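Construct the entire structure; sequences and hints are all you get.
Heads up: the sequence shown is residues 6 to 185, going by my numbering.
Honestly, the hints are just simulated from the structure, not real lab data. The reader is advised that the hints may include incorrect statements.
Distance condition first, Cα-Cα at most 25 Å in a straight line; then the derived SDA-like pairs of lysine to any residue [unchecked claim]:
| # | residue 1 | residue 2 |
| --- | --- | --- |
| 1 | LYS157 | SER185 |
| 2 | LYS98 | GLU73 |
| 3 | LYS65 | GLN114 |
| 4 | LYS134 | PRO154 |
| 5 | LYS108 | GLU83 |
| 6 | LYS134 | ALA112 |
| 7 | LYS52 | GLU83 |
| 8 | LYS124 | LEU167 |
Only a predicted model underlies this, so the values are computations on that prediction, with no experimental measurement involved.
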Amino acid sequence: TLIMKSDTPANIGKIVEYMQTLELDDENKVKQNYYSAKSYAIFFLAKREYSQKELYTKMKQKEYPEDEIQEALEWIIENNYQSDERYAIAKTKYRANSDGNLKLKQALQEKGISESNIKKAISQIPIEKDRAIQVMEKFINNKHIEGIPDIKMKEKIYRHLLSRGFSYDSINYAYKEIFS
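Written out as structure tokens, the structure reads:
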């Protein structure tokens, strides 16, 4: 589970305040377990950050009317309960120790994050070459590789880092730093 450290206390307080003010005036709505799209979005945001696209998908699956979904999304963004920039930064920091920039970028694009927010998020983590060294060292330690690896093992190391989304330049840099 992704947990925000910097913004969580403030957001949780605002979310709890909002949830305490909710009043379902119609007994029938309570019996049918019906909540507004706003309440539904707040329910998810109280647990962790979600992208706008993720929240939209969740509300669409619950078959909320399109106008209610749009109104809820506008409201949670205006009240700073949800921010794609904040989501991108949190997700990037969470996955930075294991993934390269290409994989991070792809994951954020799948969640509907804009290119500008992706760039901001990636700029806030250590450079890819340094992270590639860490991931390569961990892989080498797990495989108990000592000395300079043979060609098959070198290919295996490169494939592993490529699959984690690291650029070829970063992998070459890390390999030279470790084995020279």
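**Report entry** Hints the structure fails to honour
**Finding:** 2, 5
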